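Enquirer: Residue numbers (the numbering used here), protein chains in the order written: chain A, 1 to 291; chain B, 1001 to 1389.
Bear in mind the hints are in silico, worked out from the structure with no lab data behind them.
Take the hints with a grain of salt, since some may be wrong.
Said to hold, decoys possible - For lysine-lysine, the following BS3-like pairs were computed, each having C-alpha atoms within a straight-line distance of at most 27 Å:
id, chain 1, residue 1, chain 2, residue 2
1, B, 1315, B, 1328
2, B, 1032, A, 93
3, A, 63, B, 1099
4, A, 203, B, 1152
What the hints assert, rightly or not - Non-contacting residues of chain A with respect to chain B, defined by C-beta distances greater than 12 Å in every case (computed):
id, residue
5, 56
6, 90
7, 105
8, 172
9, 209
10, 216
11, 247
12, 265
13, 283
If you're wondering where the values come from, they're calculated on a predicted model, not measured in any experiment.
Glycine residues also receive a C-beta, built at the ideal position from the N, C-alpha and C atoms.
The chain contents come next:
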Amino acid sequence: MKKLLLLLVTNLALFASMQIDTTYSTLGAIAKKVGGDFVKVTVLGSNKYDPHFIVPKPSLLAKLRRADLLIINGGGLEIGWLPPLLRNAHNPKINEGSLGFLDASQSLELIDKPTTVSRAFGDVHAEGNPHYITDPYTVPIIAEAIASRLAQIDPIHKFAYKQNLQNFKKEWSSFLTQFDAKMAQCSTKEVVQYHELFNYFLKRYNIENIGTIEPLPGIAPSSKHTLELIMLIKQNKVKKILQDVYHERKTAQFIAAKTGAKVVVIPHDLGAVGGKTLEDFYNNIASKICK
Amino acid sequence: MPKKIALGVLCAISLSANNTALEKRVELLEKKLQELQIQNTQAKYQTRSSSFSQNAYLPDIALILNMSSIARNIDNTQYENFAIPGFITTGSAQLPFNKNRGFNLNYAELALHSVVDPYFEAFAMLHIHPDHTAIGEGYVKTTSLPYGLGIKAGKFKSSFGRINAKHQHAWNFDEQPIIYKALFGPGSIGDMGISTQWVAPTDTYVMVGVELLQGSNKRSFGNTQKNNLTVAYLKTSLDITQNLSTLTGISFARGKNLFGGDTDIYNVELTMQQQFNSYSSLTWQSEALYRKRQNIATDAKQAGFYTQLVYKYNKNYATGIRYDGIVKNSVDDLQKYTVMAQYHPFPMSRLRLSYSYDKTKVIDGSRKNIHTVMLTLNIAAGAHGAHDY
């Protein structure tokens, strides 16, 4: 009987919590930190797949239908899969322009904004490079945006969110101090990557991106471009090729065999290459690039 | 001696005091630096356009072009006059697409989409065919209704069945399934009316919808003295594993036919998709349709289906097969087989080569099997929205 009551009470508590949907896993982890016990977080896009091409499964509609807050990465990253889902979920709470819709990119300054936008240059994002999440300095800013939005949607727990935010920022600040110290020791100064996924991280820690394996964003590697890249790697004595989990690995391995550079598989989002916490995510990037 | 020791101790104390002071300052500086870096990452206020510019409110505009080149064992005049026994009489087939041996420009379409205000969004598909221009679709949809409701009004493709609501350029094969062509003609059910859909607040996706339509589709309905067609459907989806998703649905349509009776059409659909990685998947999609017409002497009850398997190898290549069949009809051994291979240089463009063996047609009074090899090019340029599942 007691167990039954407990079950009932916990269920009620679950009902009382805010349902947050995030498009990707790192955003989900930040939302959980800020929301604490008052939120239930669902991540829509698998961290094993290309964030540009999440399959718009109808089951995601059921998740969006009941969300109180939808947090998206923004910068055009979801444009290929989220809009039709959002349209068919019939949830006015999370429509663009509503309080329940939060585009995390809008509290950040995006880099690599193209001066000319045309699909002749491949899959470029007019808003700039949307892969900012690899920079650990974006975390507290996003946390702050989420906290202030949660306080508006769920004012009863306003103070709890504020407290969670303060605790998290303190925690993150000491993590950043350690992290920066570690990165100061990093001997890697030049890398190449498959897609421009890690530009924010590289810029933050003064590591130069020499080139990308894909000739243009979203275009599969060509032999001509690969040969040019091999030349560049040799000229600049690049030691690391940053590979993500979702692109083919043959090209990177081929380049590695020709140049002696090492292929390292780096997570583009929390949990893509093991790791459960935000700290794990960034430590994993750092250790793979630097070691 | 004790004096010296005392001095030493004093020195040591002051030194360590100095050290802690220094440490404090370093710590403070580090904090400051961190704050500055955070501030630097934050967006700065920017002015973007002229004070009265409305450019930002322009609708999304996309241009869709579809063209083909065809080789067929039947010449064009004969092909135009085909019949499908029980469904299409000689010469009454409408063939707006891929009709001629040689070259065809099937259509240019202008797709316009815009949010109207906080309550509505609008969509229009202007279908420009070499001989005529038509409003393929033009509708307004609510965005802010509570309880999971969404209402659509205007002219739109009905959500009856699986393929009906999809635009032709989003199909996996260039030609319409035979049962759709036979029951509805090339436009499928695209009609004037109102649709109401409701998404249930459940863990599993459940959607039900009811549409009140004019019934202007002459092949199955056609009596438009008042709004005479009602469509209803229920769709649900289950993820069997993280990578194996399904969508099933049942649909029903009842409308007044040109003979003064009712036409009832039932549809069952099933789609299963196994995803192998971000760019590769295997999709099995099938639909079966059954039609019952009143006031018609022969072929009052007819049924057919199609089933297709599409394998996406990677971002660029895909291949598929489809089998079409008519199973209940005065002539019921009507089948069609199609294979296709397609190449996407980029998500916006597609080249598709297909071969079909069609055993559904009667030409000049006798059954004639048709072999068709077709190469199509489709592009979607501009601000073209993403497709759904």
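Enquirer: Out of the numbered hints, which ones does the structure contradict?
Expert: When the structure is compared with the hints, numbers 1, 2, 3, 4, 5, 6, 7, 8, 10 and 11 turn out to be violated.
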